[in-house]
Amino acid sequence: MKIAFATSGNNVSAPLESRFGRASKFLIYDLENQSFEIIDNQQNLAAAQGAGIQAAETVVRSGAKALVSGHCGPKAFRVLAAAGVKIYASDAATIADAVAKYKAGELKESSGADVQGHW
Amino acid sequence: MTLAIASGKGGTGKTTLAVNLARAYARPLQLLDCDVEEPNAHLFLPGTEAASEVATIPVPEVDESRCDGCGECSRFCAYHAIVSTGTKALVFAEMCHGCGGCPRVCPRQAIREVPRRIGMVERRQAGDIALVTGRLDVGSVLAPPLIREVKRRLDPSLPAVIDAPPGTSCPVVTAVRGADFVLLVTEPTPFGLHDLQLAVDTLRELAQPFAVVLNRAGAGDDRVHRYCREAGIAIMMEIADDRRIAEAYSRGRLVFDAVPEYRALFSGLADTLLGGQGG
Numbered sequence: 001m002k003i004a005f006a007t008s009g010n011n012v013s014a015p016l017e018s019r020f021g022r023a024s025k026f027l028i029y030d031l032e033n034q035s036f037e038i039i040d041n042q043q044n045l046a047a048a049q050g051a052g053i054q055a056a057e058t059v060v061r062s063g064a065k066a067l068v069s070g071h072c073g074p075k076a077f078r079v080l081a082a083a084g085v086k087i088y089a090s091d092a093a094t095i096a097d098a099v100a101k102y103k104a105g106e107l108k109e110s111s112g113a114d115v116q117g118h119w
Numbered sequence: 001m002t003l004a005i006a007s008g009k010g011g012t013g014k015t016t017l018a019v020n021l022a023r024a025y026a027r028p029l030q031l032l033d034c035d036v037e038e039p040n041a042h043l044f045l046p047g048t049e050a051a052s053e054v055a056t057i058p059v060p061e062v063d064e065s066r067c068d069g070c071g072e073c074s075r076f077c078a079y080h081a082i083v084s085t086g087t088k089a090l091v092f093a094e095m096c097h098g099c100g101g102c103p104r105v106c107p108r109q110a111i112r113e114v115p116r117r118i119g120m121v122e123r124r125q126a127g128d129i130a131l132v133t134g135r136l137d138v139g140s141v142l143a144p145p146l147i148r149e150v151k152r153r154l155d156p157s158l159p160a161v162i163d164a165p166p167g168t169s170c171p172v173v174t175a176v177r178g179a180d181f182v183l184l185v186t187e188p189t190p191f192g193l194h195d196l197q198l199a200v201d202t203l204r205e206l207a208q209p210f211a212v213v214l215n216r217a218g219a220g221d222d223r224v225h226r227y228c229r230e231a232g233i234a235i236m237m238e239i240a241d242d243r244r245i246a247e248a249y250s251r252g253r254l255v256f257d258a259v260p261e262y263r264a265l266f267s268g269l270a271d272t273l274l275g276g277q278g279g
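If you read the sequences in order, they're chains A and B.
23 is the number that my numbering gives to position 23 of the first sequence; each next residue is one higher, with no gaps.
52 is the number that my numbering gives to position 52 of the second sequence; each next residue is one higher, with no gaps.
So here's chain B without its partners, still in its complex pose (with noise of 0.2 Å):
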């Protein structure tokens, strides 16, 4: 069972319910920090990097005593990192997304993939949870590879938690992409109503099957529960709007263990989407 967090608005406690349900699991699981921009599951869990690897994507570099400036590769290249206008072709790697088609259209072969960084992957257990953190480089803006390969190191045998990025873009959508199911988390405010729908056509269009969890419940509206409702739209889980969360949260604690009443929420909750009989 894979089990994605996500979000339309960011900020709205992906990252809290992601490492909560973890934890509350109560059992082996792997926990997939896919917010490879700004991962932050690994602060609200003990234990130290057990390994790092560098993440690359393929880069093409050209064999300039072979090309003679056909533009092949120049005409199928989407972002313009590869360029030939009846010249021998240039490379812009850092346009590159390094999907692997140059070399597949060059003519004369002229066109060899070398690995460019993009990132880090790195691994952490804390007790039962496996964390899985892709960290982005500065300055780099390749998230889905990065987030590929995150998601290369599932491991079929235990369930798995992905927290994703926020928004609606290609990250997003690699991030959920597979999943079995699909938790939005949301706040009840003008925003969180806003983005969610973007979240919602979102995942309709993937035909992925999720449901919505309402954070900070009791502040703001009722707008969400309305659109939910309208929309036939579970909302799973509504976490209270609860001064005690937030300062768990702002010192890296789990609510799990900083305010125990909140455990049979989370703990419910991750038996019902993760499988099992309770921790």
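If we strip away everything but chain A, and leave its shape as in the complex, we get (with noise of 0.2 Å):
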């Protein structure tokens, strides 16, 4: 299963991104082999608007199941939740952190957006 992290690194021991849509990148890392590819979100850090939107057709084409982000937006949460996109706020320091909890257990599914658009 491959889950999808908000970042403006390029690895795993990069901090999360609290802000979802404007994120600089997406790191999608698979689970059963350990690996990971990023994927650039720079074209929507300058949209004037969608950008929560327009960030999750790229995580739900990406393939992964879950996206975990120290935010999400309301826009952002109707597409991914639609798609079937779990999706987790966590205050973890790395997304190697993060991994760690998810695998324990420890993060909690959010129920709904955490913050309003444009936030």
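No lab work stands behind these hints, which were simulated from the structure alone.
Keep in mind the model is a prediction, meaning the values are calculated, not measured.
Since no wrong hints were added, every one of them can be taken at face value.
Partial chain A-side listing against chain B, Cβ under 10 Å, derived:
| hint | residue |
| --- | --- |
| 1 | Ala-47 |
| 2 | Gln-49 |
| 3 | Gly-50 |
| 4 | Gly-52 |
| 5 | Ile-53 |
| 6 | Gln-54 |
| 7 | Ala-56 |
| 8 | Val-60 |
| 9 | Arg-61 |
| 10 | Lys-75 |
| 11 | Arg-78 |
| 12 | Val-79 |
| 13 | Gly-84 |
Derived lysine-lysine pairs resembling BS3-like cross-links, with alpha carbons at most 30 Å apart:
| hint | chain 1 | residue 1 | chain 2 | residue 2 |
| --- | --- | --- | --- | --- |
| 14 | A | Lys-86 | A | Lys-101 |
| 15 | A | Lys-103 | A | Lys-86 |
| 16 | A | Lys-65 | A | Lys-103 |
| 17 | A | Lys-2 | A | Lys-101 |
| 18 | A | Lys-103 | A | Lys-2 |
| 19 | A | Lys-86 | A | Lys-108 |
| 20 | A | Lys-108 | A | Lys-2 |
| 21 | A | Lys-25 | A | Lys-103 |
| 22 | A | Lys-25 | A | Lys-65 |
| 23 | B | Lys-88 | A | Lys-108 |
| 24 | A | Lys-86 | B | Lys-88 |
| 25 | A | Lys-65 | B | Lys-88 |
| 26 | A | Lys-25 | B | Lys-88 |
| 27 | A | Lys-65 | A | Lys-101 |
| 28 | B | Lys-88 | A | Lys-2 |
Where is the CB? At the ideal position from N, CA and C, for every residue including glycine.
Join the two chains, each given in its own frame, into one complex according to the hints.
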């Protein structure tokens, strides 16, 4: 199973990004073989609107079945939830920490958006 | 004849010019307040609203029993207002610009359009002036479709003055497009010149004929004069930096009525640009 992480870095020691739609990158981590790929999200940094929706589409298309981000807004949540992607808010310091917490079952699944749009 | 009044910089005197030209024309004409995010021409004119209508844009509604999640609508929509990632299409109506594309690209006819309110179009008759005002709802961001609704009410048998929004983006382009002539109002300040140049670039891109009106002439410096001379742009009128004009404005009065010595200035320009032999 693949998990998407919002981040500004290029590997699992990078910090989690608190924002989802305007995170600069997504790290897609594959739990089975412990590999990852980086997906650029730069186009959304400058988007006037719709960043959350577009970022959510990117994550869904990556094949990830879960997203770990600092926060997630309402439109992104709707798109991810409709596609069956589980959303976890985490204040873990790094992606590696968040992966460890996920494996240990310590991440709590979000039941709704935890911030307003344009947060 | 349709005359649009625009500016790069806000607060240079578009509405002042528009309402005073309309008043000075002294014959039946239309005044279209297309500054729909903050319409204010009505504040300077007598009368009350004669009629108001709700303005809407068409937004998609998905029949989930027909949608198979093919994603054609989602790929088509530039604004991410309809999203399908292998799932039934989700609609974000507040993102929709009402272009009408998604129902047409849907191969299963699963999308129909429903109206979504964006604002009001108000009408008022103030003497010879038939005022049409667009008023965008608070929270709505779609000025261009509402501006088009206001302009749809143009009566081609009457001259018209369009009070455009400030800036150089889509609402301005929508307001001035199709006008026979555009007046760019500016002031003799660094900001006034900077934003005038942006507006000039916009109008040249649109191939719209235009000239400049310099407001608050005497304040600031001569940089707008120098620029217009070098760029070959006519300054058709200068309105002095006169405290009496500001006082009249602050009370919602027309300069034409409150400071009669400027009447000839407005009447002359109105007759030149809107046609006719004086009122």
